[in-house]
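Engineer: Each chain is listed here by its residues.
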Amino acid sequence: MKIYLNLLTAAILATFIGCNSGGDSAGKGALSSSKAAEKVYVAPGEYDEFYAFMSGGFSGQLSVYGLPSGRLLKVIPVFSQDAEKSYGYNEETIPMLNTSFGFVPWDDAHHPELSQTNGVPDGRWIFINGNNTPRIARIDLTTFETTEIIEIPNSGGNHSSPFITENSEYVVAGTRFSVPIPQKDVAINSYKENFRGALSYIRADKPGEMAVSFQILVPGFDYDLAHSGKGKSSDWTFFTTYNTEQSHTLKEINASQNDKDFIAAVNWKKAEEYIKEGKGRDFPVEYMHNVYSDITHTATSNKISGVKVLIPSECPGLIYYLPTPKSPHGVDVDPTGEYIVGNGKLSADLTVHSFEKMLKAIENESFDGDVDGIPILNFEDVVAGTVVSGGLGPLHTEFDNKGNAYTSFFISSEVVKWKIGTWEVLDRLPAYYSIGHLMIPGGDSKKPWGKYLVALNKITKDRYLPTGPEMNHSAQLYDISGDKMELLLDFPTIGEPHYAQAIPAELVMKNSKKIYPINENEHAYAIKNERDAKVVREGKVVRVYMTSIRSHLNPDNIEGIKVGDEVYFHLTNLEQDWDVPHGFSIMGARNAELLVMPGQTETLRWVPQREGVYPFYCTDFCSALHQEMQGYVRVSPAGSDVPLKWSMGED
Amino acid sequence: MSKLSKVLMLVGALLLLSLFAVPLWKITLEAPQYPGGISMYIWIDKITGDSEFTLQNINILNHYVGMKNIEPDSIPELTYFPYIVVTMAVLGVIFSFIGNRKMVLTWIIIMIGLGILGIYDFYLWEYDYGHNLSPTAPIKVPGMAYQPPVIGSKMLLNFKAISYPHWGSLFLGFGILLASASYYLSGKKRRLNQS
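If you're matching them up, the sequences are chains A and B in order.
Per my numbering, the very first residue in the first sequence carries number 1; after that it's consecutive.
Per my numbering, the very first residue in the second sequence carries number 1; after that it's consecutive.
Think of the hints as simulated: they come from the structure by calculation, not from any bench.
Idealized CB from N, CA, C, for every residue including glycine.
Do not take every clue at face value.
[Stated by the list, open to error] Among chain B residues calculated to face chain A with C-beta under 8 Å, some are:
hint	residue
1	53
2	56
3	57
4	60
5	64
6	138
7	139
[Stated by the list, open to error] Pairs of lysine-lysine, BS3-like flavour, derived with a Cα cap of 27 Å:
hint	chain 1	residue 1	chain 2	residue 2
8	A	458	A	39
9	B	26	B	68
10	B	68	A	528
11	B	26	A	514
12	A	206	A	514
13	B	160	A	514
14	A	534	B	68
15	A	528	B	46
16	A	206	A	513
For reference, chain B alone in the conformation it holds in the complex (with noise of 0.2 Å):
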């Protein structure tokens, strides 16, 4: 591999490392009541919101409709999710020193499997979080889920949520890509060696 595609994938490895500095995605509830909507963000090993309150403070809208506290200590994803990135971090980190392309090849199938995986088990949370009512709920409105989109925004009675990915993501994202170049470029110029 030229030292092009080398450096290509070590920064691509490196942008993993983002998810810790910035969140994979954001959920926004707007209500008139609330100017400027509350935010929640996913990170890769936590939950925040606008301020140290906001979980707080949705958790209390929530127990109205019957949905359970959001406790970031009960997602055991949040507690193994780093260690897959940093594995794979580091993982990628060895094969651009390497330049095997097949390597390359095998780390960007990884990460986009685990990228699928990972939303679907975001969609999951939600579904559970949206569905798994109680029964004692004060306010129970007939047939009404209170599922979050995963992309996108939805009416759940007075709110409006709004779900989109936040910067991890893209961040995730580039370096699929960046890693993605790397292993294309490679092939392009062996292809120029071999004619």
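In isolation and in its complexed conformation, chain A is listed as follows (with noise of 0.2 Å):
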């Protein structure tokens, strides 16, 4: 009996252990899940706190999260053809995905920026990279649409890549790999003598005006993440380089053997400076600049002639490398904009510099050596402190608003709290797992929201039901709040999220459009009104005005199209009220649907093969009449008479 009391007190004391000690419980849930449960409850019909908006990664997209439930709101198409709201597939918004290369349909997504004023997170706009074929999308924040991308010259992996400025006027575009500028055909392993980075400042305050005001020529290095100043470091950015090594094979090793890469510091009011002087030399590339217009619903593809280039040697002042150990991954700038914290992905510790000491060893030309004309920095003359992490492998660092940073440990899978300034480590808590980027709301701009912190993850594994070899990331919401962070969610996300960044629900909800309204609709082929549905052939072209409402399609009898014709749909929805799509298809279309939005119009191209009549229909249910919404279109052969005819409700 003794020996079985025993025995029972020693489960007792085990499980009280077990429950108190390690991450484990904690990631399984255990003595708090019903407190954190309360923490994450959005009760039926009631908002989230904040919008976030998730990198798509490898999907092209851009996600949108409501924090703190997790739960998915959309799912924005911005770089990938998205069938389901037709993007990239109707004609109005095949242009959004031209390039210089013609047509691309895909592309991968990193870093969604949300738009600053003094800066701080505005909600009018968010911007993100497509790292592939280099671009920069805007999204506009009162349509959740794209409404503009335009594509980066003289860039190859446009990862470093779209952080703003702290009011907007620039998105940069920093080249993670270096490639010949301008592109020509040499030898690979020519890499250092023919191979070189850009830095590209966008304009992005005004929409539809995203140009590429300059580029700075910087040495073949590969420019990895990027972050701008702020208050009195706002005419700064900073870049981190890796691969300083210069290598062009087997950059696992090669590009790790130097103890210390660099972070640029770009000053970019100079850079402006030097533009106005006329130091910009004209660098002959064509690239494309792609705007989508609301008021015409449609597209159009622009292309652009020449950058201008500063080169460093030229522009005294401009760029000045700080030495940073181990490959730095992320820079990032804390809410006060003095301390610029260097993520040395292949070390356990974070370097911190000052940007106060940075200006001093500037004016007093304390340089060691430089690149191509630009000064290095003395390291010991920038550096502010260390933090002795206990991690490994440090790749981003966010803020909240009572002094304290957070660092993401991709190899130690984990997020570690510390204390800007005394850089002593504050609290650790275990990510599920090999964390890559994180995000508090407003984490990466002058006013931190810092209640909670999104930890972006890049291995699945068992964290949810398996859906085969392949699983979504997950993410994990952390309560930041109090002196200790508490583990609250898991959620999975689309694609791969990179970064992600939230802001405060109300300075997005305010703004959201419900309709487009008709009136204002001046797209080219739109209708106003049913009386003025009609088709009408122009040679092999033809193309057909049609309107939706519920709970019909206008006409829904067309005959005289023959095989061999080009038919354009070009459906304006007459609706004028919230949430009330008409989707539109025809069989045999070798595109998608469309899904055209109240006042809308949108344009569906059809080739019919073969003679027949076939059937179109709404796809989106938008009626208690959406099953009758339907109609037919009738093919004849190519060359027969029968005559152009349409109609509705007609016998």
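Two chains, each in its own frame: build the complex with the hints.
Structural biologist: Below, the structure written as structure tokens:
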């Protein structure tokens, strides 16, 4: 009996110890799970506190989540075709994906960046970079639609992008893969001689008018991540570099040899002065600028020729290199603008530079040589402190509004909280698994809303019900309002969310559009009244001016189409009521459906291949008579004399 | 009539002009998928909604049960009612200056008469919209009519129709009350003078 009692005591003790020790109990939810559930519970019909915008990574899109619930609100198509929304399939949005290489229907989207006013996210737009075929997109937050995409010339791998300046003057684009600039046919092993990087500044504060204002030609390193300064450092942008070894093969080894790489500090105000003085050299290059209008509901794609390039050796004071250990990945500036955190991804420690010390070192010209005319500052002159973390593989740092910083550690799979100024580690919690970026609402701005932290993890493994070899990536929500971080929630994400940004809901929701006013619709093929529905033949091209309203498409009987015709259905949704889109699809169409919002016009191209009668219908369950919202197109043989005829409601 | 009585009559008459600034009646349709409801406002000279598209949206819903489109242009009362209101306001102002009790009383009686006629007319239009249904309507519910109440609320299939007087009617009623006060006070004064 006594033995049993002892065993029982041991078992109870083990249970308690088990619950209180290590991260696993927190990960699987234990003592505090009901408290955590309360914190993320958003009652039916209630709203989340924050909009979170998470990059879709290799999906090419941008997803919108509510925090703290972790509910998916929307997926915004940006760089990839989306058959659901007809993005990149309808005639209106195909030009959005145009590049100097032609139509590129996919990209790798990494870093969402909210527009800012005085260093604070303002909820007007969000930008995101396409890494593969270098591009930057603007998403309008009144419509949650991609309204502008600009291609970045002289770049290969637009990774350190699109980090924004304090009043949204510029978004930046640094090339992760250096390439011959201008592009030319050279041997790859001539890397050191021929390969260069470019740091681009893209005007961002005027919608529809994004432009590569200037580029800075830099040595052929890998420019990895960036952040612009704030407050006193707001005239500067900081870019991390790796591969300062300038290797061109087996980079995992060859680009990891130098003890220190650099953070490049660029004075963009100075760059503006040099451009004004005419120091910018004209580089011949062609790239595309695509703009979508909410008035014409149509995108246009324009070719831009030439770009102004500044050469550092000709522009003293433009750019400096701050030595930073161990292939730094993220570079993050604290809310005061004083501290520049270099996340040396192959080390255990974080290096923090001081902006004031950097200015002093520049003033004293305390340089340790230069690279292609870019002065290298002395490490000891600029470093403010080192965070000895006890973790391994720091990638990114975000900030709260209480003087704390939070760093993600990929290799040791954890979030570490530390104090700015004293550099002491205050807390740490595991991430499941292998965290990449992390995000605090406003956490890279002057005004963090330091209530939640989201971990954006690279590896999912056993966190959810298994779904075969491929699983969604995982995000985790932590409560950071107290002294100790607390894990609240796991939720899956689309693609691979690299970075994310979040903003209080009230800054965005009040501007959200419900419909497009039909009387403002200036689409070239819009009709604003059912009476104007018609079918027009222009040689082999047939244009159907069609309307939709609950619950019919007009016209719904069309005859006189012939095999070999090219038919364009221009569908205008006459509805002016919130959340009454109508869809359109026709049998055999080799693209996608249309999904037309109230007041909008969209166009589907259809090339009938065989004679017969083909049905079309509304694809979005719109109303009580949705199933009746359908019609027919009669297709006659090429050369037949069936007259062109259209109708609705006639016998 | 005393100065007070004249002023009361004057204000009462001028209050009629508020009908050009505020609606007379409000009809709201409530259903779960219409958070906040859809409201239609009946003015002396027009019909409006929460937004410029409300009428279109109500007409779309109504066509499923075969109701006619509500087209303000096809309602003649909206054209000639404003003239009656202006005429009555001018008459009221003139009567207040003349200060004749009998004229004030006549004005009050005409106004009450017009008010009753107006509400009856409103009822007739509602009856017509609610009962005069298209025989080819996609949704036909035997025995069902879609006439909203004049005052109060009623379920019409999935919609709860709520109908109540709005600011215009209140101002109108208040105007008649002021005229009545004018009439009453001037009578009291005369009795006092006579005694």
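Engineer: All hints are to be evaluated individually against the structure, with a verdict given for each.
Structural biologist: Structure-based check of all given hints:
no. : hint            : verdict
1   : 53              : 3 Å, holds
2   : 56              : 6 Å, holds
3   : 57              : 5 Å, holds
4   : 60              : 5 Å, holds
5   : 64              : 6 Å, holds
6   : 138             : 6 Å, holds
7   : 139             : 7 Å, holds
8   : 458(A) / 39(A)  : 25 Å, holds
9   : 26(B) / 68(B)   : 19 Å, holds
10  : 68(B) / 528(A)  : 21 Å, holds
11  : 26(B) / 514(A)  : 24 Å, holds
12  : 206(A) / 514(A) : 23 Å, holds
13  : 160(B) / 514(A) : 24 Å, holds
14  : 534(A) / 68(B)  : 26 Å, holds
15  : 528(A) / 46(B)  : 23 Å, holds
16  : 206(A) / 513(A) : 20 Å, holds
Comparing the model with each numbered hint stated earlier shows that all of them hold.
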